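*Asks:* Those sequence lines, one after another, are chains U and B. Residue numbers 1 to 204, in our numbering, belong to the letters of the first sequence in order. Residue numbers 1001 to 1245, in our numbering, belong to the letters of the second sequence in order.
Keep in mind that the hints were calculated from the coordinates and are not lab data. Hints may be right or wrong, so weigh each one.
[Claimed, not checked] 30 Å max Cα-Cα, derived BS3-like pairs, lysine-lysine: (1) B/Lys-1025 to U/Lys-79; (2) B/Lys-1025 to U/Lys-3; (3) B/Lys-1102 to U/Lys-106; (4) B/Lys-1060 to U/Lys-57; (5) B/Lys-1099 to U/Lys-106; (6) B/Lys-1071 to B/Lys-1224; (7) U/Lys-2 to B/Lys-1025; (8) U/Lys-193 to B/Lys-1236; (9) B/Lys-1236 to U/Lys-2; (10) U/Lys-2 to B/Lys-1192; (11) U/Lys-27 to B/Lys-1224; (12) U/Lys-127 to B/Lys-1060; (13) B/Lys-1003 to U/Lys-66; (14) U/Lys-2 to B/Lys-1011; (15) B/Lys-1192 to U/Lys-14.
Every value quoted in this text rests on a predicted model; they were computed, and no experiment measured them.
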Amino acid sequence: MKKLVIPGEMLSDKPLRLDHTVVENGKTCSTVIGLYDESASSLIPVEGLWYPRPGEKVIGIVEEAKLNTDLINLNAPYKGLIISKFTEGNIVNNDIIEATVKELDKTGTIILIRPRVLYGGKLLAVKPSKVPRILGKGETMIKMIGEGTKSSISVGTNGLIWLKGGDYDLATNVIMRIQEESHVPGLTERIAKMVGVSTQQNRE
Amino acid sequence: MDKPELIIDGKRLDGRMPDQLRPIKITSNPIRNAAGSAYIEWGNNKILAAIYGPREALPKHTGNLNRAVVKCRYTMAPFSSIEEHGRPGMNRRAIEISKVTKEVFENVILLDLFPGNEISIFVEVLQSDGGTRAAGITCAAVALAASGIPMRDMPYAVSAGKVGETIILDMNKIEDNYSDADMPVAINPRTKEVTLLQMDGALSRSQVTTALTMIEKAGETITKIQREALLRPYEKVSSKYEASI
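Looking at chain B on its own, in the form it has when it is part of the complex (with noise of 0.2 Å):
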């Protein structure tokens, strides 16, 4: 199949402009059970985090005595894609990603506090398109906080990537197949660390740079999406009574 344009008269296929973000909303709490969740519509995405423990950590082996371990499971329901993602159960990518979540959170969660347990990340997509492993850390942040696991940072993840020589913002599942680059950055937001990178494609140092700017603007909105989240619940109760004053 021939490349499809991408990019006609400065906008992309879903009528964005190149530093465009798809419309997010995030829910925080959803699943009752858990001890923190979230679930996130980011463009076409769909993707509910749970967060499970500070608990023991088991198998025995799994733990370490000094501090807590974080363990994640990244997964895409059988019905979520309409290519070869979508196959149940952990495949070679599920577990890539599955590791690399588990990275960003291993460095702001304050594990020293839980030495011996565990806590669970789950991040199941409901519905894919592009951009998932981004999405799937933004709403586990959500999630984490939520639980009230402490946490130094809030960290957020976007992609960005490359179609010609324009660098352009959040790739949705066309951009993703045929563009030319792809870079998922996950950044702690305070500090500015960057807490994941990855790469497929080729970029230049300058579009890294422009790419880098690029998801720093964005950061700002995603993390103000997930503030209103996290405080939503509590502000909905305090004007009910500021309501009836």
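So here's chain U without its partners, still in its complex pose (with noise of 0.2 Å):
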């Protein structure tokens, strides 16, 4: 049984190891508002910001282009920064890369790797806390916006979001409609209506 928690409320009395959770005194508590879910032993943020951990991919904007590194903004508490060694081809300032985290650092500057320049679309800032349910469970729901819309979709981790052809609009209204229903059980089938693309079930 899922239910709703808010920041301080316990999950558990005894210790679990589980994201966006406090331990004290030996009882877990939640430090967001989230769905919790007792049988699975998990709490998926509904509110939440972004923590990077290595492997995962970033949108960002290129804020400062320099000789040895590149300064990007990723629309999140931490600075991203690619060092020269890492980059192929020339990045210029107000460039839309996508690129791979390597590692975080001390001070919060995040180290970037892969950096691929994404050219022309445009970009969409969604709640960080979502983006798990934008992608679904292995890319699914991404593909099959994707597909329903004609449109190539770059998710980054970071909540920025880059669309490039096919129907804008659409996609647009449909990562909205994600976000704000991400918690609400069959959202997949409600999204698939709207795209207008059979789901796997259905297909089966």
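Quick one: dock chain against chain with the hints and give me the complex.
*Replies:* Shown next, in the form of structure tokens:
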């Protein structure tokens, strides 16, 4: 049974290893507003910030392109940094780039690798806590949106989404709807109906 | 001016019992530009709180490379009060309340997660009727939770005071001006930690205990209201689909 919890609410009187929780006096408490599933022992935040992990894909805007390093605005409490030895080709100010997180240093700077410039298109900012729902299990949701709207979509875990081509407006509406209804069951069916694609279940 | 009689036949001037709160209504996220926001109507108090950040601490020297810093600005709108409190801008009182509010939230926010950043809390009193610092803290706690900033607890604040020998809860403007003591308190409900305790006037040890008991009891109601305010938007979306099934 899933239930909505608020910061400070006790989830278990035992210490659990869960993201977005604190363990104090052997008890586990939530630190965010989220959906807690006691049987699966999971807490999915409905409001939350982004914490970078190595290997994650991010999207950002080049703020300051220098000779040796490029400073990237990731729309997050952390600055992105690309060291020139990881870059191929030329990156200039205001380019939209897609890159992978290498590590987060102690000063809150993220070292990015494998940058790729995204030309044209538009950027959409969503709540980072909704990104897993937008991607879907095995990225099925985002593939379905791409298929239905004929758009090229790249989703950054930092909450920036790049869209190009196809039906922009529909893709934007769909993503915004996922953001609003991410905690309500049956979302995949509603989105499939919205973009006019049959879901995997229906095909079977 | 003579001191007015504040308790008549066991009831206060606005008809409340000594341990009764004023009606409280909280709305979360009324300001779209902010990371999180809340609006509270606590009796005749009307207060907006908005959260910005975590964002780069500026000017740079105000930041801390090991943890985030909390910055708070409490102000009263020029039209908020009939007395001198409504002067625009920061005055001695506003600086003090900003400081104590900041300290309440430094205790609950997980600051270590955002080194070099700042979290800004803005509390704007639109209409005041006593107890605005307590209402401001309660409102800012909802705004912080709505912004997704991780917190150990959801603090609430409320004041208690003394009229004659009677301890009263949640004082309004007139009671605040003419009471014998006033004690605003902020508490983290889960751990029962007191994160703010100020006192004006004199209370005996037993009176402080009585006041704290009253505050803790009222805290259960306030926490419930905070919780409802935070979860209402999600339950509203859920109920839309439950109804259609």
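*Asks:* Flag every earlier hint the structure violates by its number, smallest first.
*Replies:* Of the numbered hints given earlier, those the structure breaks are 1, 13 and 14, listed in rising order.
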